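Q: Residues per chain are reported as follows:
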Amino acid sequence: MTSDAAPRHLHKAAIVVDELRSSLKLLGSIVVLAVVNSGSGLMLVLLATTAAGIVAGTLFAHRRWKATTYWVDDGALHYRSGIFTPDTKLVPLARVQSVDTTNAVLQRLFGVLELRVQVAGASDEEEIVLSAVTYEEAARLRRALGQPEPAPPDAIVRLGVRGLLLSALTGPQIAAGMSGIAAVYGLFDRVINVQKDGEGLLQGLHTTGEIVLVVAGLLTGGYLVSFAAGVVLFAGFEAERDGAILRVRRGLLSRRALSMPVARIDGVVIVEGLLRGPLGLASLQIESVSHGREDDVVKTLLPLVRRREAEAVIARLLPALTVAPGPLQGAPRRALRRFALRPILAGAVVGAAPGIALGGPGWLVLPALAAAGAAYGVRAYRATGVRVAGDIVVVREARRARRTLLVRRRRLQEHAVEHTPLQARAQLADVRVTVGSGGEGRARHLDRATADALSGALRPRALA
Amino acid sequence: MRPEPTEPLPPETLRMWFWSAVIAVAVLVAGALVLAASVGALMPWLPLGVAVAGAAYVALVPRVRLRRWRWRLDDEELDIVHGVWRVQRTIVPVTRIQHVSVQRTGWSDRFGLVSLHAYTAAGETDIPGLRRPQADELRDRILAQLRTPDDL
Chain A
1 MTSDAAPRHL
11 HKAAIVVDEL
21 RSSLKLLGSI
31 VVLAVVNSGS
41 GLMLVLLATT
51 AAGIVAGTLF
61 AHRRWKATTY
71 WVDDGALHYR
81 SGIFTPDTKL
91 VPLARVQSVD
101 TTNAVLQRLF
111 GVLELRVQVA
121 GASDEEEIVL
131 SAVTYEEAAR
141 LRRALGQPEP
151 APPDAIVRLG
161 VRGLLLSALT
171 GPQIAAGMSG
181 IAAVYGLFDR
191 VINVQKDGEG
201 LLQGLHTTGE
211 IVLVVAGLLT
221 GGYLVSFAAG
231 VVLFAGFEAE
241 RDGAILRVRR
251 GLLSRRALSM
261 PVARIDGVVI
271 VEGLLRGPLG
281 LASLQIESVS
291 HGREDDVVKT
301 LLPLVRRREA
311 EAVIARLLPA
321 LTVAPGPLQG
331 APRRALRRFA
341 LRPILAGAVV
351 GAAPGIALGG
361 PGWLVLPALA
371 AAGAAYGVRA
381 YRATGVRVAG
391 DIVVVREARR
401 ARRTLLVRRR
411 RLQEHAVEHT
421 PLQARAQLAD
431 VRVTVGSGGE
441 GRARHLDRAT
451 ADALSGALRP
461 RALA
Chain B
1 MRPEPTEPLP
11 PETLRMWFWS
21 AVIAVAVLVA
31 GALVLAASVG
41 ALMPWLPLGV
51 AVAGAAYVAL
61 VPRVRLRRWR
71 WRLDDEELDI
81 VHGVWRVQRT
91 IVPVTRIQHV
101 SVQRTGWSDR
111 FGLVSLHAYT
121 AAGETDIPGL
131 RRPQADELRD
141 RILAQLRTPD
151 DL
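For the record, the sequence lines run as chains A and B.
So for the first sequence, this note's numbering puts the first residue at 1; every next one is plus one.
So for the second sequence, this note's numbering puts the first residue at 1; every next one is plus one.
Honestly, the hints are just simulated from the structure, not real lab data.
Incorrect hints may have been included.
Simulated pairs of lysine to any residue, SDA-like, Cα-Cα distance not exceeding 25 Å [as the list claims (entries may be wrong)]:
no.: 1; chain 1: A; residue 1: K89; chain 2: B; residue 2: V25
no.: 2; chain 1: A; residue 1: K89; chain 2: B; residue 2: G123
no.: 3; chain 1: A; residue 1: K89; chain 2: B; residue 2: Y119
no.: 4; chain 1: A; residue 1: K89; chain 2: B; residue 2: L60
No experiment lies behind these values; they were computed from the predicted model shown.
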């Protein structure tokens, strides 16, 4: 393992990258303010203040760059930063979970990468982020951190253009879409008073058709933003395993690469969303301690896979999670009404509102929503199941999405068997297993004997 | 078959939970009185209702909670059963525990109790009421078993 005791600075591009990042954030507000106050004397003051801010920011970024050093020594990565109160973070190499790199447009201009060292159980603030290092330096650091350079892969899975488009169409990046809409709203709110002018707009809507059109327009806008986000985030997606290292690369504007030892991966979740499930499609997500706090995009092992091929793809990329085909032990027939009752009641309560408000035809919504609730409950009942297959535990449940968790038994942090008095009377129990990321797999209303048998199989003595 | 946990929490825990519940209910009744005083129509039914529900809670919940609470530590697992309505049996393999802390507060001191918190990568599992020597002994027993190299 390489050791390099001499402290090193980040690439000087870090000064520009850091400063431009903060300036770009500022710029959005300044442009809007400038538009609002165009023609007034205030605009000159605003621009002068901005220019002064950027100069001061650059000087500050330079001081910060000078104060920031890192080195690998004594089996640990050291990171020293801070102008007024310098602080040194130390990460033992044995605790390094993965090394991620991001190559955004800004960094590409300078031929540098951002390198992020993921540590078990660390929050974002505790992670070490080197905002600008050269490609050569990133390769050297990867080696020093025990993550060798790519070798010819043993297994590789790519997402083609068709897969990318299908993934973006069926797996809307709701969060990205919503934040996009929020950003647009924020921008408009500064230029026009959305609340005031929006009320005028709403008062202008007279017919049900107009309201439906506006709502449909908003939903379509959100969906298009989310589609674009899906394409930008997952373009050029490839996951490969060479030796004991898993590498995932993705992104159009900002190219992100994750590399982590496969031994650090506790499990995988097969997610069949509402749109994907009926099409026989799913996505795969990694469960590991280091990515517990990250969003679903970062945890993606593959954004789109045919459901029937999911286990085979997992076996190729992560052989330790190979699970032989076989049925799950589902919930018994007597549990069906427990799955269905709550969604039927929820549907009936929500469905009663149009009836109370509009009367007559409004009441038709009630049976429709109650039936939808029943279908939701039956789907959850059919999906629920558990299985122990060798060293792998499989737990499946369906809420909005159908999620199948495949996890190595030895990596479970805890498990629980739960029941209410009503469940106890019917000899039923829920099972919950928890992995290191804090992620959970739940199976509700199992036969009590099935739940106890699973719990028994998870006993350390049973694993020996 | 895994044996059921048998270790109860000490009886002082019931006193601590009882008085915690009394204080919480008193605050709620006071809040209900203020609200009812400002919205005349709610007087006296809202504070009365809160007081009756609160009294039932104080009389029942701490007792049931204590009766359910059981724990067990063997050479491989920390096993806990608890819950008032939803009874939950949580099992934590000892090798998954990363660190243990014994905590006391001014309030728990009044009852001669401390709480023990066992942390794993996924979160923490607590035993909310133990006598100090018992907690220290339990902590030491867990730590003594953390010799196995962890492949986290």
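Q: For each hint given before, does the structure comply? Return the numbers of the non-compliant ones in rising order.
A: Result: hints 1, 4 break, sorted rising.
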